[in-house]
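Colleague: The chain contents come next:
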Amino acid sequence: MEFAELIKTPRVDNVVLHRPFYPAVEGTLCLTGHHLILSSRQDNTEELWLLHSNIDAIDKRFVGPLGTIIIKCKDFRIIQLDIPGMEECLNIASSIEALSTLDSITLMYPFFYRPMFEVIEDGWHSFLPEQEFELYSSATSEWRLSYVNKEFAVCPSYPPIVIVPKAIDDEALRKVATFRHGGRFPVLSYYHKKNGMVIMRSGQPLTGTNGRRCKEDEKLINATLRAGKRGYIIDTRPLNVAQQARAKGGGFEQEAHYPQWRRIHKSIERYHILQESLIKLVEACNDQTHNMDRWLSRLEASNWLTHIKEILTTACLAAQCLDREGASILIHGTEGTDSTLQVTSLAQIILEPRSRTIQGFEALIEREWLQAGHPFQQRCAQSAYCNSKQKWESPVFLLFLDCVWQILRQFPCSFEFNENLLIMLFEHAYASQFGTFLGNNESERCKLKLQQKTMSLWSWVNRPSELSKFANPLFEANNLVIWPSVAPQSLQLWEGIFLRWNRSSKYLDEAYEEMVNIIEYNKELQAKVNILRRQLAELETEDGMQESP
Amino acid sequence: MEHIRTPKVENVRLVDGISSKKAALGTLYLTATHVIFVENAPDTRKETWILHSQISTIEKQATTATGCPLLVRCKNFQLLQLVIPQERDCHDVYISLLRLARPVKYEELYCFSFNPKLDREEREQGWMLIDLSEEYKRMGLPNNYWQLSDVNRDYRVCDSYPTQLYVPKSATAHIIVGSSKFRSRRRFPALSYYYKDNHVSICRSSQPLSGFSARCLEDEQMLQAIRKASPGSDFIYVVDTRPKLNAMANRAAGKGYENEDNYSNIKFQFIGIENIHVMRNSLQKMLEVCELKSPSMSDFLWGLENSGWLRHIKAIMDAGIFIAKAVSEEGASVLVHCSDGWDRTAQACSVAGLLLDPHYRTLKGFMVLIEKDWISFGHKFNHRYGNLDGDPREISPVIDQFIECVWQLMEQFPCAFEFNERFLIHIQHHIYSCQFGNFLCNSQKERQELKIQERTYSLWAHLWKNRGDYLNPLFRDDPSQTQGTLHLPTMPCNFMYKFWSGMYNRFEKGLQPRQSVTDYLMAVKEETQQLEEELEALEERLERIQKVQLNRTQVKSKQSEPSKHSGFSTSDNSTANTPQDYSGNMKSFPSRSPSQGDEDSALILTQDNLKSSDPDLSANSDQESGVEDLSCRSPSGGECVPGEDSGKDRDSDEAVFLTA
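Chain order of the listed sequences is X and H.
Numbering-wise (full-length UniProt numbering), the first sequence opens with residue 1 and increments by one.
Numbering-wise (full-length UniProt numbering), the second sequence opens with residue 1 and increments by one.
None of these hints come from the bench; they were simulated from the model.
Virtual Cβ for every residue (Gly too), placed ideally from N, Cα, C.
Take these hints with a grain of salt, some might be off.
Said to hold, decoys possible - Computed cross-link-like contacts, EDC-like style, restricted to lysine to aspartate or glutamate with a CA-CA straight-line distance of at most 16 Å:
1) X/LYS449 / X/GLU130
2) H/LYS21 / H/GLU291
3) H/LYS117 / H/ASP340
4) H/LYS547 / X/GLU524
5) X/LYS215 / X/GLU255
6) H/LYS525 / X/GLU524
7) H/LYS525 / X/GLU514
8) X/LYS528 / H/GLU291
9) H/LYS117 / H/ASP131
10) X/LYS150 / X/GLU130
11) X/LYS8 / X/GLU88
12) X/LYS219 / X/ASP293
13) H/LYS547 / X/GLU514
14) H/LYS498 / X/GLU218
15) X/LYS523 / H/GLU540
16) X/LYS193 / X/ASP293
17) H/LYS196 / H/GLU330
18) X/LYS528 / H/ASP340
19) X/LYS523 / H/ASP340
20) H/LYS525 / X/GLU520
21) X/LYS528 / H/GLU536
22) H/LYS105 / H/GLU534
23) X/LYS528 / H/GLU218
24) X/LYS528 / H/GLU371
25) X/LYS528 / H/GLU454
26) H/LYS255 / H/GLU135
27) H/LYS285 / X/ASP293
Stated by the list, open to error - Distance windows between CB atoms, simulated:
28) X/SER504 / H/GLN549: 27 to 37 Å
29) X/SER141 / H/ASN306: 37 to 47 Å
30) X/LYS506 / H/LEU550: 45 to 55 Å
31) X/LYS506 / H/THR63: 32 to 42 Å
32) X/LEU128 / H/GLY484: 38 to 48 Å
33) H/SER296 / X/ASN479: 41 to 51 Å
34) H/GLU260 / X/ARG61: 36 to 46 Å
35) H/LEU25 / X/ASN479: 29 to 39 Å
36) X/ARG11 / H/PRO231: 26 to 36 Å
37) H/GLY484 / X/ARG61: 21 to 31 Å
38) H/GLU260 / X/SER504: 48 to 58 Å
39) H/ASN306 / X/SER504: 42 to 52 Å
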């Protein structure tokens, strides 16, 4: 196998591992095809078991014969290995470098991973589009499932099955696809049962400079409006950016051609701007030397929280149009695979109680991110420590998770899941033993035969033993729309992600434990009281029966 | 009251807070103690009560079509705009409030008219709740090395010190008096805290009058006496909490700091906490940021940074951490001073106490800590918090900063404190409210002359009576958790210190988390307690019935109705949809306040006052829907905004992310 060629030195003794908040460990370092393992060989415990694919960057230093490798992970952790012997150190470093940047997806760990747990429900079949559609079909007959994209021919980044207005046939969809960026014709993202209004998403219209139009496109989106009603088109780009897009064949909906629709431009940043923001933020969080003022100015300069505020504000706007104005909306940016998905999925968190449950949130990730064709492979290839500066690397998904965390912080009792679920999703999006986040869209996943060759993340998460880790003890079902505050005072740095390796969480963990204890004890008493009440009631009726004759 | 030019103005519009868009129409009343606004809306008739003593500034703004606006800023960070139709009325209200907000003698303050209808005995008991001589006993004093000194009897040596002070046994009256003459305002070194475990002390004083070369034998002997009172340690730290430059500048005025060469075995250390003027300006700047209408993230973070506020909080924490580490880890005594030893010294000593001693992290212990380090040692409450009209340059948020330090610690150690955030907010409120006598005047001497304890009520008793509201559900009171020091990391962790929105934006309800974990857990705990009681009762009954059945007695057991489980239930469908309603839920709790029934009605003034000025007790929750007005916080949309057809009929509850 190829891996052996890449591993020049599979084993080194007397390596010292340094990690924040742990004592240094001396042990044996082993490299396998997919893991870096360090063990002190005491009690057979592994001190470190790190996926190569989690490694974002490495630095090496030499002091005499002692080499040091600093490993920077995609989850922002930084660890240090002191390796005796210059040659060993160089070999290890180059092996890690090669193994952490494998070209072929099929060499990735998910294709080799053999689960040690019993699969109760195969996650690949947990969230089928047909099932999702059934949730709506009781409430509306205006929509249908379309198989027009069965062979991924109409839109390569869409799933085989999409939900479209019933009044529009597949032939029309094919035409609309030619008028939308990447073939991403408008499809249903969310149906608001309360008033029958919907969120649709698409790619930008390809109007170009000469103002091209498409009757079928106009007909499609008008088909979603009730008589006399108007809708909103939320373009996630500022007007000038949308205008510039015309020069490259893109563009936006002209009022003249879409008279029943009002267009609103917002500005959600994309690509390298977000990536640079993440790099700056993580740099600031890791720098322990600066004083108070420099910390705040670096937090500010990273612009991370500004992006959070923009995304949340746009999502709230979309939710508001739907719930308060009673209007349907269409959301797109350029491709409709990034900021569009942030907005459609966050709007659902705000509007739809189901998406605040564990199952519902997983379904949302599946529907609005994986099937909707967010290019995870491109976006999450590298993280905050990487220097490659590829245009397509961008923490779009992490920003979404951060926004969910912000809402969760403001409504701590309205989510069935806790912060751990969000952190886990972040980790697996960047490096995982599961196949779920591999590939850029359903088409690629099909070709890779992920369902046959890899394990789904959901198969692992949805077992009771795992689920308990992600359950929020404070959860009380809340069927209302939850409106978060987007004021700067209300938005905070997500410490659970960004300060995770820089501060001890001992006292916060303790508080969480205490919270669980309080609630568990209450439930226990409740159960005991109920049993006794029943017993008493039985005894008393027996008594009564004995007496009545 | 002769200062009220017009007691009542009708058709006034009240805009409450920064984010509020809608003005409420109502009637404005001026009373001797409060500004009261009563809404016209017949169904609510919501009342807003503002104590005159809470008013910080009143600003007349440019007249508009609807009338003359008055902007009222309060010391508890409330912000109100009153729009008065007639210019003449507005001027009268303005002039009246200017005078009412700046009383010239103590008798005008609310505490002298506030009457919670407690009898004399209850009032006296209230004042006895916190007893400092008990506190010194708890520390293990007097002992072989420390004794209670009567040198300051009748305030003969230092009029801003208490009469009861602990000093080293070897410090004779001659040494103390000599030392006092060498210290600013005669504030000689005296004990603030005794750390039993290591037999070391934290002492406090003012700066020495050393100038460039002066020295004083008695003062040197005094410091030596402090060192000798801790036989295990061969040196003491002298911590000057000022920036070095400030301390050096003081030398030119014949003051300054200790010269290490003149004192045997001292280690001298500067910790740069800025002076009251810097702090006043810093708060001012931060509040300007809080008042910004729809600030961007950058506006906010830049403003926060430029205010320097969190840097100052960190400096105070650093001082406390240094002292706590010296005492607990190095086993060395510490003498703390600044200039006069009543501001920064109080901050540093009380933060150190909080870190070192779990007792101060309990409800009662915290009251003791404030009583000891702030009230008894002559922190100038009247000057700093502007209770009486005085020099505005004396005003500074010194104790506010200490209270924030406590909150920052609570954020980092969620299980270490018996009390919750609300407790801190209410203490801050009452430091300015002058509703209780505790924080009046500048020194114990003045309070005694004014006979405060005979004429006013104690806040501590009031808080203690309502302690159920102030408990932290996560507090772990098992000894293993609460014994000992809170260990903060030594490396500088700036991100540890966060903006305290719950205090500085506390009247902007929309900015706060919409569901309170504390209230939720308290409700669960109360229910748990009821369940425990019910379980016991059920077990008893079960046993009885089983006995009856065993005896085959035919006597019909006449039982009471099966007790219905009342109140909060985590799985109760009727409450499941409205977690925002927990506070309402708690109010219906039988265990919450039945014992206070009578007093509640007697406390009408307090309650009303709290209702309007303490938002977290306010009943008018507009959070049922989870909806709030985000209008002015939403960044402006693009140039394509929804037209008039979508903009009408928005009530204030509505989320408005569109900018018109």
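Colleague: Does each hint fit the structure? Answer for all of them.
Modeller: These are the hints, each one checked on the structure:
1. X/LYS449 / X/GLU130: 21 Å, violated
2. H/LYS21 / H/GLU291: Since the Cα atoms of H/LYS21 and H/GLU291 sit roughly 14 Å apart, the hinted pair holds (cutoff 16 Å).
3. H/LYS117 / H/ASP340: 40 Å, violated
4. H/LYS547 / X/GLU524: 27 Å, violated
5. X/LYS215 / X/GLU255: With a Cα-Cα distance of about 14 Å, the restraint between X/LYS215 and X/GLU255 holds, given a limit of 16 Å.
6. H/LYS525 / X/GLU524: Holds. H/LYS525 to X/GLU524 sits at ~13 Å (cutoff 16 Å).
7. H/LYS525 / X/GLU514: 12 Å, holds
8. X/LYS528 / H/GLU291: With a Cα-Cα distance of about 52 Å, the restraint between X/LYS528 and H/GLU291 is violated, given a limit of 16 Å.
9. H/LYS117 / H/ASP131: Violated, at about 24 Å.
10. X/LYS150 / X/GLU130: Holds. X/LYS150 to X/GLU130 sits at ~14 Å (cutoff 16 Å).
11. X/LYS8 / X/GLU88: 9 Å, holds
12. X/LYS219 / X/ASP293: 55 Å, violated
13. H/LYS547 / X/GLU514: 40 Å, violated
14. H/LYS498 / X/GLU218: 50 Å, violated
15. X/LYS523 / H/GLU540: 21 Å, violated
16. X/LYS193 / X/ASP293: Not OK: X/LYS193 and X/ASP293 at ~48 Å, beyond 16 Å, violated.
17. H/LYS196 / H/GLU330: Distance ~14 Å between H/LYS196 and H/GLU330 Cα, so the pair holds.
18. X/LYS528 / H/ASP340: Distance ~61 Å between X/LYS528 and H/ASP340 Cα, so the pair is violated.
19. X/LYS523 / H/ASP340: 56 Å, violated
20. H/LYS525 / X/GLU520: Satisfied, since the Cα-Cα distance of roughly 11 Å is no more than 16 Å.
21. X/LYS528 / H/GLU536: Since the Cα atoms of X/LYS528 and H/GLU536 sit roughly 11 Å apart, the hinted pair holds (cutoff 16 Å).
22. H/LYS105 / H/GLU534: 55 Å, violated
23. X/LYS528 / H/GLU218: 70 Å, violated
24. X/LYS528 / H/GLU371: 46 Å, violated
25. X/LYS528 / H/GLU454: 52 Å, violated
26. H/LYS255 / H/GLU135: Outside the cut-off at roughly 33 Å; violated.
27. H/LYS285 / X/ASP293: The hint holds at about 14 Å.
28. X/SER504 / H/GLN549: 27 to 37 Å: For H/GLN549 against X/SER504, whose Cβ atoms are near 58 Å apart, the range 27 to 37 Å is violated.
29. X/SER141 / H/ASN306: 37 to 47 Å: Violated, since X/SER141 and H/ASN306 (Cβ atoms, about 59 Å apart) do not stay within the stated range.
30. X/LYS506 / H/LEU550: 45 to 55 Å: Hint holds: Cβ distance 54 Å, inside 45 to 55 Å.
31. X/LYS506 / H/THR63: 32 to 42 Å: 58 Å, violated
32. X/LEU128 / H/GLY484: 38 to 48 Å: Because 56 Å falls outside the window, the suggested range is violated.
33. H/SER296 / X/ASN479: 41 to 51 Å: 34 Å, violated
34. H/GLU260 / X/ARG61: 36 to 46 Å: 42 Å, holds
35. H/LEU25 / X/ASN479: 29 to 39 Å: Distance hint for H/LEU25, X/ASN479 holds at roughly 34 Å.
36. X/ARG11 / H/PRO231: 26 to 36 Å: 58 Å, violated
37. H/GLY484 / X/ARG61: 21 to 31 Å: 40 Å, violated
38. H/GLU260 / X/SER504: 48 to 58 Å: 36 Å, violated
39. H/ASN306 / X/SER504: 42 to 52 Å: 31 Å, violated
Hints 1, 3, 4, 8, 9, 12, 13, 14, 15, 16, 18, 19, 22, 23, 24, 25, 26, 28, 29, 31, 32, 33, 36, 37, 38, 39, counting from the list given before, are not met by this structure.
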